[in-house]
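**Student:** Sequence:
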Amino acid sequence: MAWIRTKFGRTRVSGDQNQDRLSDLPECIILHILSFLSIQHAVQTCVLSTRWKHLWKRIPTIRLNSFQFRTLKIFSVFLSKILSLRDTSTAPHTFDLFRHRDIEPRLLKKFLNYVFYHNTHLKHLGISVNGDTALILSCVSSCRALTSLKLSLHPRGRDPTETLFPNSLNLPLLTSLDLTNFAFCGDESGCADPFLAFTKLNTLVLRCCKVMDAQILSISSHTLVNFAMHHNSSLLAKIKLYVPSLCTFNYTGNHHIHEICGSGLSSVKKVNIKSRRFSASMEDALILFSWLLNFANIESLTVTSTILQILSLNPDLFEVKLHSLHKLKSLKVKLIQIEEGSLLLLMEDAMLKKAAAKSPKEVEKLREAFETCLEPPAIPDGIVDFLRQNSPSAEVNIRTKYPSSFNLKQQIEESIKGAKINDYRSRFSVPSSSKLPRLSLRSSSSVAPASADKSASEAAPASATEPAKSASDAAPASAEPAKSASDAAPASAAEPAKSASPYLHLCLGEKDYKSSNKGEEEKHQHNTDSPLQDNEL
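Everything in the sequence shown is counted per full-length UniProt numbering, starting at 1 for the first residue and increasing by one.
Hints listed in this document are in silico derivations from the structure and should not be mistaken for laboratory results. One or more of the hints may lead you astray.
[Said to hold, decoys possible] Okay, derived cross-link-like pairs now, SDA-like style, lysine to any residue, Cα gap no bigger than 25 Å in a straight line: (1) Lys238 to His222; (2) Lys332 to Asn294; (3) Lys210 to Cys139; (4) Lys238 to Glu162; (5) Lys240 to Lys270; (6) Lys240 to Cys191; (7) Lys358 to Asp316; (8) Lys123 to Leu97; (9) Lys240 to Leu293; (10) Lys81 to Glu104; (11) Lys321 to Lys354; (12) Lys57 to Leu25; (13) Lys270 to Glu259; (14) Lys327 to Arg399; (15) Lys270 to Thr199; (16) Lys150 to Ser80; (17) Lys57 to Ser35; (18) Lys365 to Gly382; (19) Lys365 to Gly341; (20) Lys57 to Val43; (21) Lys73 to Gln44; (22) Lys332 to His258; (23) Lys321 to Lys332; (24) Lys123 to Ser84; (25) Lys150 to Ala134; (26) Lys329 to Ser263.
[Unchecked claim] The calculated label-pair distances, taken between Cβ atoms and stated as ranges, are: (27) Thr223 to Asn167: 14 to 22 Å; (28) Gln44 to Leu83: 16 to 24 Å; (29) Asn254 to Lys73: 33 to 41 Å.
Where a beta carbon is used, it is the ideal one built from N, C-alpha and C, also for glycine.
Construct the complete structure from the given sequences, taking the supplied hints into account.
**Tutor:** Take a look at the structure:
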């Protein structure tokens, strides 16, 4: 028997409870556990036991990020020692190097020599450096066993030149390709098709890329399932897709929205479209509308409010009968505030034109409102109903990290007006009216936002400040409806309506002190999230 000290005092435990079971694990299991850590954390962990002292030398994964070191000099010394002291009999299958700013030529050559020496065993390779791009690509082309490749290459110094993607690159086993800051050369027809050689490609991510001597980027693949484009150049005018197996499409726009055409787009099930840039044109609006027609069978659509605003610029949009989106199950909207830019001016102009169709007094009243800092709605009137016209049972989620920046009650009323839906699943009892269905209010902050509707906060029970566990959860049995809505809502308003298929969630998230500190830390961290998701939002 043994005694251990806890916060409740001393407790007697049996000998088997005090046993060090971790040290009894087989070495292969410990190596597998350590492979999930960055190499510097793995080295630190091996100090805990004399048996583990040299285990880090045989870890099959090497992940190094210069942001995780106090200085670049410390990072360079650490990388050099790792390459020198590793067990040469153990070939790594994963090597991920992220070096902020320029990398020393001597260190780059040492790293590339190590990669070249183990090129027959290397499966996953990631390189993000400023250095000799030709030397790097020459080394990469020798790694014919690669299944995953992630490259973010820039010349040394502040040269903004994109890296020319080699058409001769042949990696027959490659299934995942992630490229940043590359240029693709076109042929005599003005079309670039750089990925034909990758016959097993499953995932493709392009960031900050462009085409040279061409206007069209063609992507032909029978195996491609996931495709993402983030912040690519406006010189890349059109994307031609021949991807019959494509299921997921992610897009983050910069100052331009690219035209997309081709075949096989009806297979896409999930589409994410984001834009934090506030420059827009009528051409962008028409392109977005064509996307809705091309991605006819999507089941999940995620957009920012700026995308909905651009889409609403199409003249007579709500008079169009869509022949797509029949299978839509989920519509997610992330609210973003517009402070300036051409999109704001175009939205105001569109609102004035609609007012002019009613009467000159409406125009004058609206102009005065704009002069007193009235902003166009983040979710244009009727746009949600337009997208759901062929799938009225689709779930709608409206989210924002900054609820104090929006008049949420007004935004919701405007976005669902005319939806002809009388019931929504509700987590808490809130005031209802003939115009506004009951909403599910979910907040990730412990304090209700200042902009939340006062009557809604009065109606919510004491536990309303806790986030909802699921969309189908019912309110506690003790939840009482608001007094102001007691006449309008039945006594069972707090219970979930099983027959109500369409429902809407309003998800709020105020930034607290902890999250703001976390944001400061994340500014210095390399992006390790899914390559398909752009983390700007």
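**Student:** What's the verdict on Lys321 and Lys332, does the C-alpha distance respect the 25 Å limit or exceed it?
**Tutor:** holds (22 Å)
**Student:** Taken at face value, is the distance from the CA of Asp316 to the CA of Lys358 at most 25 Å?
**Tutor:** Answer holds: Lys358 to Asp316 is near 15 Å, not above 25 Å.
**Student:** Decide if the proposed pair is consistent with the structure: Lys73 and Gln44, CA atoms, cutoff 25 Å inclusive.
**Tutor:** Holds: Lys73 and Gln44 sit about 19 Å apart, inside 25 Å.
**Student:** Is the distance from the Cβ of Gln44 to the Cβ of Leu83 consistent with 16 to 24 Å?
**Tutor:** Between Gln44 and Leu83, where Cβ atoms are some 18 Å apart, the hint holds.
**Student:** Need the status of pair Lys332, Asn294: alpha-carbon distance at most 25 Å?
**Tutor:** holds (19 Å)
**Student:** Are Lys270 and Glu259 close enough, with their CA atoms no more than 25 Å apart?
**Tutor:** holds (18 Å)
**Student:** For a C-alpha distance cap of 25 Å, please report whether Lys321 and Lys354 respect it.
**Tutor:** Satisfied, since the Cα-Cα distance of roughly 20 Å is no more than 25 Å.
**Student:** Has the given pair, Lys332 with His258, been kept, meaning a C-alpha gap of at most 25 Å?
**Tutor:** holds (22 Å)
**Student:** Quick one, are Lys327 and Arg399 close enough, alpha carbons at most 25 Å?
**Tutor:** Holds: Lys327 and Arg399 sit about 22 Å apart, inside 25 Å.
**Student:** Within 25 Å, alpha carbon to alpha carbon, are Lys238 and Glu162?
**Tutor:** holds (19 Å)
**Student:** For the pair supplied as a hint, Lys240 and Lys270, is the alpha-carbon distance within the 25 Å limit?
**Tutor:** Distance of about 19 Å is within 25 Å: holds.
**Student:** Next pair to validate is Lys150 with Ala134; report whether the Cα-Cα distance is within 25 Å.
**Tutor:** Roughly 16 Å between the alpha carbons, so the hint for Lys150 and Ala134 holds.
In the structure shown, no violation is registered for any of the earlier numbered hints.
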